[in-house]
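Trainee: Residue numbers (our numbering), protein chains in the order written: chain A, 4 to 309; chain B, 4 to 309; chain C, 4 to 309; chain D, 4 to 309; chain E, 4 to 309.
Simulated from the structure, these hints should not be mistaken for lab results.
Hints may contain errors.
No distinction is drawn between identical chains; accordingly, a pair holds when it is met within one copy or between any pair of copies.
No more than 27 angstroms apart at the CA atoms, straight line, and that leaves these computed lysine-lysine pairs for DSSO-like [what the hints assert, rightly or not]: (1) K223 - K104; (2) K152 - K6; (3) K301 - K223; (4) K301 - K152; (5) K152 - K208; (6) K70 - K6; (7) K208 - K250; (8) K104 - K208; (9) K229 - K301; (10) K70 - K223; (11) K152 - K70; (12) K229 - K152; (13) K229 - K104; (14) K301 - K104; (15) K104 - K152; (16) K104 - K6; (17) K208 - K223; (18) K229 - K70.
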Amino acid sequence: MVKRPTLDELDLSLGKRTRMYRLLYEHGPGNGTALFLPIDQGMEHGPSDFFPNPPCANPDYQCRLAKEGGYSGIVFHMGLASKYMREYAGRVPLVLKLNGKTNIPSDAEAFSAQECSVEDAVRLGADAVGYTLYVGSPSQDRDFGQLGKVRAECDRYGMPLIIWSYPRGSAVAAKGGRDSIYAVDYAARLADELGADIVKLNAPKFRDPRNEDSPTPYRKLYQELKELDDDEAYRLAVEKVVATAGKTLVLFSGGSRISDEDLLTKARICMEAGSTGLIFGRNMWQRAFGEGLAITQKVKEILLAL
Amino acid sequence: MVKRPTLDELDLSLGKRTRMYRLLYEHGPGNGTALFLPIDQGMEHGPSDFFPNPPCANPDYQCRLAKEGGYSGIVFHMGLASKYMREYAGRVPLVLKLNGKTNIPSDAEAFSAQECSVEDAVRLGADAVGYTLYVGSPSQDRDFGQLGKVRAECDRYGMPLIIWSYPRGSAVAAKGGRDSIYAVDYAARLADELGADIVKLNAPKFRDPRNEDSPTPYRKLYQELKELDDDEAYRLAVEKVVATAGKTLVLFSGGSRISDEDLLTKARICMEAGSTGLIFGRNMWQRAFGEGLAITQKVKEILLAL
Amino acid sequence: MVKRPTLDELDLSLGKRTRMYRLLYEHGPGNGTALFLPIDQGMEHGPSDFFPNPPCANPDYQCRLAKEGGYSGIVFHMGLASKYMREYAGRVPLVLKLNGKTNIPSDAEAFSAQECSVEDAVRLGADAVGYTLYVGSPSQDRDFGQLGKVRAECDRYGMPLIIWSYPRGSAVAAKGGRDSIYAVDYAARLADELGADIVKLNAPKFRDPRNEDSPTPYRKLYQELKELDDDEAYRLAVEKVVATAGKTLVLFSGGSRISDEDLLTKARICMEAGSTGLIFGRNMWQRAFGEGLAITQKVKEILLAL
Amino acid sequence: MVKRPTLDELDLSLGKRTRMYRLLYEHGPGNGTALFLPIDQGMEHGPSDFFPNPPCANPDYQCRLAKEGGYSGIVFHMGLASKYMREYAGRVPLVLKLNGKTNIPSDAEAFSAQECSVEDAVRLGADAVGYTLYVGSPSQDRDFGQLGKVRAECDRYGMPLIIWSYPRGSAVAAKGGRDSIYAVDYAARLADELGADIVKLNAPKFRDPRNEDSPTPYRKLYQELKELDDDEAYRLAVEKVVATAGKTLVLFSGGSRISDEDLLTKARICMEAGSTGLIFGRNMWQRAFGEGLAITQKVKEILLAL
Amino acid sequence: MVKRPTLDELDLSLGKRTRMYRLLYEHGPGNGTALFLPIDQGMEHGPSDFFPNPPCANPDYQCRLAKEGGYSGIVFHMGLASKYMREYAGRVPLVLKLNGKTNIPSDAEAFSAQECSVEDAVRLGADAVGYTLYVGSPSQDRDFGQLGKVRAECDRYGMPLIIWSYPRGSAVAAKGGRDSIYAVDYAARLADELGADIVKLNAPKFRDPRNEDSPTPYRKLYQELKELDDDEAYRLAVEKVVATAGKTLVLFSGGSRISDEDLLTKARICMEAGSTGLIFGRNMWQRAFGEGLAITQKVKEILLAL
């Protein structure tokens with residue numbers, strides 16, 4: 004089993020260490036794992052995501068869920084953070100998302116433009132910033148340049164940097180797709196190389212036949228996993244990318260709404276495979292408040308069991 | 004009915020609170036609602052808009068109308084603000100429009116370039132700035148970057164930010180068009196996410212069959228509204244987008260000249276549905292001065308009745 | 004008849020007022036009108052323009068003409084201003100042209116790049132700066148951004164801003180062409196909106212049948228002008244654009260060499276229609292020095308007769 | 004035989020001289036030659052490169068190899084340097100790679116975007132920075148501009164600049180390819196012209212018939228080398244590019260994994276031909292640790308024999 | 004005969020005057036004329052240019068030639084200047100070339116990117132900077148912007164600016180080609196307009212039938228020159244462009260290697276026609292050192308005879 008890095012093992016500046024301590028020990032499960040509640044979908048997908056549970060269109064809904072559910076942090080873009088966090092200040096750690104885009108125009112040259120700064124995050128009392136990197140996009144040169152400046156500001160202010168490391172673009176599609184083991188593994192390494200403290204990844208689709216289109220070592224790995232049962236194969240695929248992320252702590256996302264059983268399985272396997280935490284949004288707030296709290300507790304039990 | 008946010012409920016800096024107090028309580032109706040007079044059409048559409056009422060080509064016409072009609076503010080680009088506002092200084096609040104374009108070249112990649120700054124607005128004694136965001140345009144990355152810097156300057160100077168949130172581009176057209184409920188709703192959320200204090204929206208066209216091309220939840224909403232009478236459907240459509248805008252105050256635009264009856268209906272329904280105010284231009288100044296004053300009073304009565 | 008704005012009526016900073024006083028009262032006709040001598044054609048068109056009168060290829064020729072003819076100012080790009088103005092310092096006001104281009108490559112996306120600054124103009128003792136704006140060009144976003152920064156610098160230093168407001172591009176061509184009443188009128192308004200103190204326009208071609216392709220109000224205006232005799236139609240067309248320019252003082256250009264009679268007619272009608280001045284280049288220096296002085300005096304008589 | 008420049012002969016600032024002394028005399032062979040261990044392949048190629056020897060996916064593996072093998076320095080991007088170097092600080096000199104890219108999207112317009120700075124290198128205690136220049140790429144204008152700023156910062160901080168000078172693009176392909184003598188020779192000169200202190204080159208493929216497509220002098224050189232035996236031709240080809248690099252010290256890369264015999268031949272000939280050092284990555288760490296140490300010693304013997 | 008401007012006649016800042024005095028009177032012929040040795044071909048053309056005389060691949064060769072031959076200055080890019088000039092400091096004036104490119108990719112949109120700065124030139128003790136402007140290139144807007152900033156820095160530091168004014172691009176080709184009288188003449192004027200102190204031009208090809216494709220005045224000039232003998236036509240063509248350059252001192256380049264007789268004829272005619280100097284590279288160093296010195300003396304005799 005891959006061992007998740009502890010805060011003590013990491014070589015962090017005092018500012019980063021202080022803020023990460025809050026995320027890993029003061030809030031959330033409190034045992035060095037983390038559970039984040041993202042609410043950037045209103046920008047990334049539009050309000051469509053809120054129809055299954057209309058009250059969740061009000062960001063206060065997620066703030067309350069984060070507080071009552073005892074999340075490690077909530078993820079907001081600048082506008083929502085500054086308008087809705089007042090009564091949760093200090094009670095729910097803020098992860099400020101620095102860049103974003105809508106899903107309306109083509110993302111053939113996917114690029115997520117920065118619209119607020121690390122300094123904004125400092126002013127708002129945030130404990131980390133989020134940055135979306137589109138791995139493999141034809142716009143990677145702009146992305147690297149933009150991220151480089153954000154990373155330097157994070158170093159300057161002692162602000163932890165969470166990279167949403169998302170494979171995108173036709174070249175990725177041609178090599179197995181954005182959720183192939185190949186693509187997720189490259190995304191994990193890239194975040195480590197570019198200075199992420201934490202990386203958010205999608206769990207690799209280890210049964211998707213498109214893995215056959217990936218470079219040879221990954222094609223072989225995919226074929227080897229075919230010999231194993233689902234749970235074992237899942238664990239090995241996740242362990243691979245967690246190991247690749249190295250000293251970068253890993254969060255796995257929940258993605259679109261799935262069954263509770265699948266969600267808890269995902270949580271369990273990802274954590275057993277060395278992930279430091281989870282970042283589940285739609286699966287938590289696309290349901291009635293009480294149900295959201297209940298599933299939150301079940302996920303936290305998995306985190307606390309480690 | 005959606006409740007419009009009051010100034011007291013909003014978490015605003017002292018500078019923003021002071022200036023928004025002027026717009027919402029010192030000028031205009033004075034009861035927390037607002038009526039703005041925009042005169043940026045000479046740049047956006049060219050002088051063609053002034054032919055129906057030639058005197059209105061002189062910006063002093065709109066200044067007088069704003070003053071005598073008791074508007075909450077007048078919207079100018081930099082050139083007109085600095086040349087025509089002298090005798091209205093302090094009497095009519097200024098909203099300085101920071102970016103703009105002509106309607107001459109293709110707007111396939113619509114982008115409105117910044118030509119003056121928040122600092123200019125401070126120097127001119129403005130009480131808010133305006134920024135046009137083209138939601139869904141292929142140029143969204145440049146737009147987000149440009150807006151992000153404006154937003155930060157607004158925070159720095161305590162200057163309220165009004166976003167003209169306008170869906171544009173072929174991807175929008177393919178999903179129901181720029182005035183579909185889907186597009187306007189996304190535009191409302193995006194303004195909230197990106198840090199608008201106030202958002203200017205076009206009222207959604209809730210009867211336009213192109214809503215059928217929108218993502219499923221909106222298609223269904225459109226179909227549900229078909230069952231209702233016009234007034235009720237109108238109200239529900241507007242309530243939807245006002246609710247989506249959240250803690251961002253909403254202004255609805257008047258658009259091109261319509262009948263007085265339609266205009267007053269629009270005003271009444273938008274306000275009943277939770278809008279904070281209206282921003283009516285051509286419908287006010289594309290007619291004789293006395294008529295403009297008269298229709299202004301009728302609209303203000305609706306605002307005062309709330 | 005359109006009344007031209009006087010300096011006293013304009014709301015100008017002390018610096019702009021001082022420099023514009025020099026241009027309008029200390030030099031040139033001295034009665035509040037202006038006659039400028041531009042010599043930027045060597046960049047914009049190349050030395051071809053100098054063949055009809057070889058001595059005029061030496062910029063000293065234009066300096067002498069400007070001084071002996073008593074012009075309100077001479078227009079130079081940076082290189083010529085700094086090399087040729089020494090003995091004319093204080094005697095001939097300098098208008099420093101800030102941006103330019105050659106006519107060699109395609110101007111399908113016409114854009115005139117800035118190559119010197121308002122600070123350069125201050126250092127050279129200039130009394131105004133010139134900026135070419137290509138109205139309707141696909142590059143309008145870059146143009147607006149560049150102009151916005153120049154305009155802000157002008158405000159900072161109290162330097163009058165003269166915009167060469169030139170319609171360009173295929174979208175302009177499709178709506179009547181660069182000299183249509185529509186295009187020139189839009190150009191006049193745009194300069195006013197973007198903060199010009201003075202705008203240089205080409206006189207509209209009110210007889211050109213391409214005006215039929217313009218938006219409806221302009222098509223109708225063109226048709227109405229067909230009913231009038233040439234002089235009356237000319238005056239009305241010019242009055243229209245002068246009125247549109249509002250508090251921005253208007254200069255009409257001479258364009259390429261025309262007959263003396265046509266030139267003087269143009270001068271007379273433009274001035275009677277409310278123009279503040281003229282900016283004639285090739286018509287003045289594409290002839291022998293004595294002839295240039297003589298035609299200068301005839302034009303100045305028209306200006307002085309107002 | 005080409006004589007390699009000594010540190011004393013070079014005109015270097017005190018800061019550059021101090022840091023280069025550490026690289027050339029305090030660490031590595033210690034006789035003025037150098038052996039570097041690069042570990043930027045995780046970004047440039049992705050984790051595929053680590054499958055032949057799984058432990059090498061952990062950057063600590065390379066750190067240990069660099070320390071125990073006594074390398075002159077290790078090459079890291081920012082993220083890995085700041086996370087993995089703590090226990091090697093001062094023991095293994097750091098070369099911080101400033102720009103990078105993935106190999107996922109097309110490299111038709113190859114450009115490696117800067118993601119950290121010379122100031123970062125200073126803060127991390129690095130003894131040199133690395134910059135990848137794509138010689139002949141259509142993006143050369145952006146590359147030159149970016150490199151120029153890096154070079155100026157290196158001068159400011161006294162930081163040695165190592166240029167990875169890599170021919171790329173269709174125009175290079177048309178003239179013999181990226182490893183033709185022509186392309187490598189041009190790359191060597193360009194690094195010298197642009198201010199490299201050290202240049203990393205690939206050894207030219209002196210037997211590749213595509214050299215026939217190179218400009219005449221190189222085509223002739225290729226044909227002359229055909230007359231010679233492999234060793235002699237190899238040496239002459241390398242001497243040519245080392246001579247062209249002039250006062251820029253040359254490192255030759257190992258490229259993808261080759262046989263030990265070929266690797267040692269390459270090392271011997273390159274060093275005999277005047278190279279200052281070698282930069283071997285995959286050939287060192289794509290094997291068991293002990294084997295990696297053993298081959299390291301064999302290469303160092305060649306360096307020490309000079 | 005065109006009279007070349009003397010230093011006393013030019014309106015220059017003290018810094019520029021001091022440095023130009025060094026170039027025109029302290030070094031080189033010493034009589035107000037100049038002979039420069041450029042060695043930027045290793046970047047612009049690659050090392051191919053050095054095959055005819057292998058020792059010249061070492062920049063020290065050109066340094067020695069410049070010193071022993073008594074040149075007015077040597078032209079280097081940053082890398083070579085800082086590595087090779089140590090023992091020639093103060094003995095050979097340095098002209099630092101600020102921008103450059105390789106000849107590998109297409110130059111359809113020719114643009115020479117800046118890679119060092121005027122401040123670098125000051126720090127290196129240079130007496131002038133060189134800038135390549137591609138007249139007529141589709142990239143002229145970037146070029147004008149980049150040059151404008153360089154020009155301003157030159158004014159700030161009192162550093163003479165030499166513009167390599169080179170016509171390029173398909174629009175130039177369509178009007179007679181890069182060496183047509185039309186193109187060279189436009190290039191001369193443009194340098195004067197954009198603030199060059201000195202302009203480097205290629206001698207116009209006055210016999211090339213492609214001059215027929217140039218604008219009418221140049222077509223006629225070409226035809227008139229056909230009536231004259233070669234020497235007379237050459238002189239008149241050169242006089243034309245020297246006159247057009249006005250107060251900008253003109254240097255003519257030698258281009259690729261030609262016969263000694265042709266070179267001396269070129270030198271003589273260019274100087275008689277008013278050129279201030281010559282900038283000969285390949286014709287000087289693509290031969291044995293002694294021969295290079297000998298031809299240098301012959302050229303200097305022409306300069307001294309004036």
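Trainee: Run every hint past the structure and note whether it holds.
Mentor: A quick look at each hint next to the structure:
{"no.": "1", "hint": "K223 - K104", "in the structure": "between (36 angstroms within a copy, 25 angstroms between copies)"}
{"no.": "2", "hint": "K152 - K6", "in the structure": "neither (31 angstroms within a copy, 42 angstroms between copies)"}
{"no.": "3", "hint": "K301 - K223", "in the structure": "neither (36 angstroms within a copy, 34 angstroms between copies)"}
{"no.": "4", "hint": "K301 - K152", "in the structure": "neither (39 angstroms within a copy, 42 angstroms between copies)"}
{"no.": "5", "hint": "K152 - K208", "in the structure": "neither (32 angstroms within a copy, 39 angstroms between copies)"}
{"no.": "6", "hint": "K70 - K6", "in the structure": "between (29 angstroms within a copy, 25 angstroms between copies)"}
{"no.": "7", "hint": "K208 - K250", "in the structure": "within (23 angstroms within a copy, 39 angstroms between copies)"}
{"no.": "8", "hint": "K104 - K208", "in the structure": "both (25 angstroms within a copy, 25 angstroms between copies)"}
{"no.": "9", "hint": "K229 - K301", "in the structure": "neither (30 angstroms within a copy, 42 angstroms between copies)"}
{"no.": "10", "hint": "K70 - K223", "in the structure": "neither (45 angstroms within a copy, 33 angstroms between copies)"}
{"no.": "11", "hint": "K152 - K70", "in the structure": "neither (32 angstroms within a copy, 31 angstroms between copies)"}
{"no.": "12", "hint": "K229 - K152", "in the structure": "neither (42 angstroms within a copy, 50 angstroms between copies)"}
{"no.": "13", "hint": "K229 - K104", "in the structure": "neither (37 angstroms within a copy, 32 angstroms between copies)"}
{"no.": "14", "hint": "K301 - K104", "in the structure": "neither (32 angstroms within a copy, 41 angstroms between copies)"}
{"no.": "15", "hint": "K104 - K152", "in the structure": "both (19 angstroms within a copy, 16 angstroms between copies)"}
{"no.": "16", "hint": "K104 - K6", "in the structure": "neither (35 angstroms within a copy, 29 angstroms between copies)"}
{"no.": "17", "hint": "K208 - K223", "in the structure": "within (15 angstroms within a copy, 32 angstroms between copies)"}
{"no.": "18", "hint": "K229 - K70", "in the structure": "neither (41 angstroms within a copy, 40 angstroms between copies)"}
Checked against the numbered hints given earlier, this structure breaks hints 2, 3, 4, 5, 9, 10, 11, 12, 13, 14, 16, 18; the rest are met.
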